[in-house]
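Asks: Each chain, written out:
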Amino acid sequence: MTSAPALAKEPRFGKFFALLEDLRRREDQLALSLSLFIGAIVGLVVVAFILLTGRLAAHMYPPNGAGWRRIVVPTLGSLVTGYLLFRFFPEARGSGIPQTRAAMFIHEGRISFRTVLGKFACCATSLASGIALGREGPSVHIGSGIASVIGRRLGLSTRQVRWLIPVGASAALAAAFNTPIAAVIFSLEEIMGDLHAPILGSVVLSSTTSWMVLHLVLGDEPLFHVAGYHLVDPAELLVYVVLGLVGGLGSVGFVRLLLELRKAFARLPRRTAWLYPVAGGLCVGALGYFVPAVLGVGYDQVERVLNGDMLLAAVIVLAVLKIVATAVCYASGNAGGIFGPSLFIGAMMGGAVGHVAHQLFPNSTAGAGAYALVGMGTAFAGIIRTPLTSVLMIFEVTRNYTIIVPLMISNLIAFYISQRLQHEPIYEALARQDGLHLPTGAFRQLARQRRVSAAQKPSPEPLAAETTLEDAQQRTLESDFGSWPVVDGRGLVGMVRRADIVSAVAEGRGRSVVRDLVDAAGEEGLDDDAVPHVHPDHPLGLALTRMGESRHTVLPVVSRANVRALLGVVTLSDVLSAYGVDSAGDARRRSEVPR
Amino acid sequence: MNEDAGSTALIPTASAATFVATFAVMLAAIAALLLLDLFLARIDRRESVAHAANLFADGQSLLASHQPAVAEQRFASAVSIDHSSVTYALALAQARLDQGKIAEAEGTLRDLVERAENDGAVNLVMARTLLHSGRTEEAKAYYHRAIFGRWGADSVSRRQEARFELIDLLARQGSQRELLAEILPLDGTSPDSVALRARLAALFIVAGSPARAVAAFRDVLRQDPTSADAYDGIGQGELALGNFRRARADFAEALRLQPGDTAVKARLATTDSVITLDPAARGIGSAERLSRSRKLLERTLAAAVQCGQAAAPLAGTARALLGATVAATQREAMTDSLVETATSLWAARPSSCKTTDVPLRLLQGRLSQ
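The listed protein sequences derive, respectively, from chains B and X.
Position in the first sequence (from 1) plus 314 gives the number in the numbering used here.
Position in the second sequence (from 1) plus 109 gives the number in the numbering used here.
Since the hints were made in silico from the structure, they are not lab data.
No experiment lies behind these values; they were computed from the predicted model shown.
A few of these clues could be false.
Sample of chain X residues with no beta-carbon within 12 angstroms of chain B, all distances over it, derived [unchecked claim]: (1) 175; (2) 267; (3) 295; (4) 308; (5) 324; (6) 332; (7) 334; (8) 368; (9) 386; (10) 394; (11) 476.
Taking beta-carbon pairs under 7 angstroms as the criterion, some of the chain X residues facing chain B (in silico) [as the list claims (entries may be wrong)]: (12) 138; (13) 142; (14) 143; (15) 145; (16) 146; (17) 150; (18) 153; (19) 189; (20) 192.
Think of the CB as a built atom: it goes at the ideal place given N, C-alpha and C, for glycine as much as any other residue.
If we strip away everything but chain X, and leave its shape as in the complex, we get:
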């Protein structure tokens, strides 16, 4: 045979029979090898999956016995054997997160999110991981993906769990609008669960929706009339709504049902302070009304001074009013001026300036409604 035959057309030296036989052998070999490979692959898959499951089970028991580092290794081995398993990868990410290995956990989860972007559990762990690394806004997005994602069994409670995690985050942040938006969808679910209604009612207060809180706590009371927490909650709601006397009654009832509760005692005392400061309270004479109006303006002026408003024109007006002598016939007009100046002065305070005078804040809140 000429090695350098180049472009010359060559005819193979094998006979036609050998040629056909060789092709037949090749086809037979392909068929036989394919069968062999499929058989081997099946065995391999079965044994690998079983091995990975054993490693995962090992990891879980190690995690239960507080050995997260060793558990993580088992989970990592399980993942390297069975990459398709979301459960193993999720356990690995959670184990890493539990040990504070945030970057590693995130790396594992990023890959997982690409593969199972609608998986609720994956998105939930991703949200937790991002929260640990301080990326709150990204975490919120993943919480939402978890809430609306796909869950296996017990999906309702798992979604609710995810939503409550987000709610807790928003509550810590003080994001009242977002918080309310997350609580409202839960308001219609599980109406028979007392604990859930109580939890939602408390969250309505944090979210700045006291009316909904009062209604929710009343639902709780209907199912559990001796709930001190419900009375306490209603009291807080009424207090925020400016219904001070009702709030006092509710706090008093809560204290009767649970006498040692110091928090309720403190709230009762605050309510009493508000009531004694309220110039619009029913059943008090014009002198008392004038006196309360003065106190209201004095405390409002003090709060304004604390906020750096001492030189403001309204502060000067307030001082002039407080220094004026009032004839008996001018009491009502003076009372109105004092209250009006107090509310204007309060409204003029910078929104960033917070006062420590809780009764004043509550009363001003009512007066501004």
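Next up, chain B with everything else stripped away, as it sits in the complex:
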């Protein structure tokens, strides 16, 4: 077989190789070209994922199949995938959105090929077996993973590999939901956290390529076929306001239940974690035995309620059961996302509100289907917290433009309620439970300012938590640091002020240990309030704020991936110096200010 360099010497291939070499040397152009390839590959992989999952499900649940299948299949499915996830693919657990964001902001754009494979196999099996989770989050993880693997394989810079993550995500979502515009907005709004990101072109290219692939293979079919709805009466907007309230409260309830259950599962012993997904399988199986519509993502049921084809009692029961089933399935560690269940729950809540409204005001309200349609977006905005994406997504999923104004009103109300009652968005909360401190929306706005890394310096040798105060006083005597990091076997546990040490020794408590003077970090990592800390990409202004709040003049700089890992410290004088102010508070000459 002729090697590539040998081929390059042949005249007929010479131009081609020259073109490739030119492309190789221009990373920005290369990344743009790669968007097309990533869009095509991710689109094809996601289509295969959808088709395989559907076919597997059809074989696991044949028409007129026995009732016992509805208990046994999800239980076995969760058992098998639970073991695989535990033993071989620990990164493939859950939705995939927090993991994608972690890859973007913490792991330098790295998602392993093993994780991609694991996500594909485990999610296909678990979703086909009837686990009440969605396919869209995993698709995003798979898509981003493929983009990451390609970028690293080509030796792109870390920045460029990171930027390929939203490119893969948008391609995946465009194919999974058949929503190319919403996919672009989601990638920028949720994954990047910046609607003005400079990678817009690449994200659009990959999304449209993926969408074209989807159409080539599966044709032009929207996710849901919905009858045309419109606003019957201007007064009907009030009912949509009520729907926004119900959707917002329902979303908060769902998110809290899921987070609390997940916290409870996290307290169980880690060595038997492979068994916990079975709890989700058993739960959904037991519910599905009596109400089969609870099984799986349930898009057929969503379509029925969208077409006003379900009774009030049925939509209420399904909304409640789906909330429980999804929360248990996700919290117990099954593979699958919450996009699809959010739409299901929202459609049922909307259907319920619509039924009641239509019974009370039959002449001035649309049928229940219209409310189910708006409810989908409302729950999505409340749970996922991406209001712009949710409006566009509902528009694209249903191709129904007439209901857009009520949709925006309900979405914003649900979004506002969710923000007020559940401060931390679900994906950030999930990541935090895993010990990952993802950058918040507020932080991302400040991220363009001066960063902590600019003022960071190596940490002094930390004090061991069991050091006596006398020894600690002796060790810190010669230092300029006003506060010292304290560590134990697990890593950083907090900060201690030298003044507190001196004062305790003077009071005769010299034999006590340093740990007594710090607030120890909890099991889940550092507590922002108890132990102030900063990350290297935090803005310097935040370091000042935290110093002021904690009265520490030195703060530990810790890793986002492991908040117990001490990367360095930042001192008040260094922060002031970075701003061009000396420790006495005088501004330095202009020429001395670091740029």
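Given the coordinates of chain B, work out where chain X should sit on it, guided by the hints.
Replies: Chain X only, in chain B's frame:
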């Protein structure tokens, strides 16, 4: 690698060989995945279509065993699997319509009409649905779209079926002009079908076209000389045309062929009443003619009073004429005045005022021709 390299141009660290190999692998992966996807999509489509067909068949048998609610669920499932099938969606709409779920049926049909706007069956079910919700004018438009729409096999009879549904609607409404416009295109079709000719002939009467009705019934008689219905129909046509004696003969023949028909008996009695009231009948003397003219004016005046015309000037004239004594030499002139006043008085009645005096109405109809 510097994360914050910013605008600095970076060169990927992969060698040229790795670079080329990676692109080659990507192209190969695209080709392989495309083949895999097309294969999977084909299987998926085949199995889904088969499943939908089974559900549809299930639904039809459930519908036949009078379980429309369960049948509707089957049809709905079939539609959710195979959205492209007009047949499944139409069955779903019809099942919903049969259960009185008008709004749901209309929702399904609206979507269907967008996709298959020229489909005759879709438009026909839409027309039926709209008719159920009382939107007659919209329903008529959809009936027309059904009549001129696309049908599969047996299109002639399906179109005719749709047109007859519209005709029945127009007949119930009493819209004679529209009705006639729908019947006339059918007049030239299927001339050999006795039942169809008889149906059309009867409709011509409802549409206010008795001459066409008589001609059509005569066609029927040519093919079936013993048809009592045809004689009855001809009688009705002749009666409307004012040919009372011919009408009587036809009713008598119909009664001979079907002696127990009470409707024909009633129409015969009415015809006799008209004949005995008719002042223009042949073979009667001037005294009898005068007497009938008086009766005609008396009954016309009574009808006018019923319609609130008691104080009208013509009513006063009528009363004066009825009170006048007539010499033998003035009988003919008096007869003409009586008949003329009666027709004027009848014509002056408000069009909304209906009389229960059928013989009078028939006679006045003839006199006004």
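Asks: For every hint, state whether the structure bears it out.
Replies: Results for each hint:
Remark: the non-interface label on residue 175 of chain X is consistent with the geometry, its nearest Cβ contact in chain B lying 21 angstroms away (cut-off 12 angstroms). For residue 267 of chain X, the condition that its CB be more than 12 angstroms from all CB atoms of chain B holds, with the nearest at approximately 26 angstroms. Even its closest Cβ contact with chain B, about 35 angstroms, leaves residue 295 of chain X beyond 12 angstroms, as expected for a residue assigned away from the interface. With a cut of 12 angstroms on Cβ distances, residue 308 of chain X stays outside the contact zone with chain B, its closest approach being about 38 angstroms.
The Cβ of residue 324 of chain X sits about 49 angstroms from the closest Cβ of chain B, beyond the 12 angstroms cut-off, so the non-interface label holds. For residue 332 of chain X, the condition that its CB be more than 12 angstroms from all CB atoms of chain B holds, with the nearest at approximately 50 angstroms. Against chain B, the non-interface label of residue 334 of chain X holds: every CB pair exceeds 12 angstroms, the least being about 56 angstroms. For residue 368 of chain X, the requirement that its beta carbon stay farther than 12 angstroms from each beta carbon of chain B is met, with the minimum near 56 angstroms.
The Cβ of residue 386 of chain X sits about 54 angstroms from the closest Cβ of chain B, beyond the 12 angstroms cut-off, so the non-interface label holds. Distance check for residue 394 of chain X against chain B: the nearest CB is about 70 angstroms away, which clears 12 angstroms, and the non-interface claim stands. Non-interface call for residue 476 of chain X relative to chain B: holds, since the shortest CB-CB distance, roughly 52 angstroms, exceeds 12 angstroms. Interface restraint check: residue 138 of chain X against chain B, minimum CB-CB distance 6 angstroms, threshold 7 angstroms, status holds.
The closest approach between the C-beta of residue 142 of chain X and any C-beta of chain B is roughly 4 angstroms, which is under the 7 angstroms cut-off, so the hint is satisfied. Because the smallest distance between the Cβ of residue 143 of chain X and any Cβ of chain B comes to about 6 angstroms, under 7 angstroms, the interface hint for this residue holds. Hint status for residue 145 of chain X: holds, given a least beta-carbon distance of 6 angstroms to chain B, under 7 angstroms. Checking residue 146 of chain X against chain B: minimum C-beta separation of about 5 angstroms stays under 7 angstroms; hint holds.
Hint status for residue 150 of chain X relative to chain B: holds, with the closest Cβ pair at about 5 angstroms, below 7 angstroms. Using the Cβ-Cβ criterion of 7 angstroms, the hint placing residue 153 of chain X at the interface with chain B is satisfied: the shortest such distance is roughly 5 angstroms. The restraint placing residue 189 of chain X at the interface with chain B holds, with a minimum CB-CB distance near 5 angstroms, inside the 7 angstroms limit. A cut of 7 angstroms between beta carbons decides the hint on residue 192 of chain X: the least distance to chain B is about 5 angstroms, and the hint holds.
No hint from the list above goes unmet by this structure.
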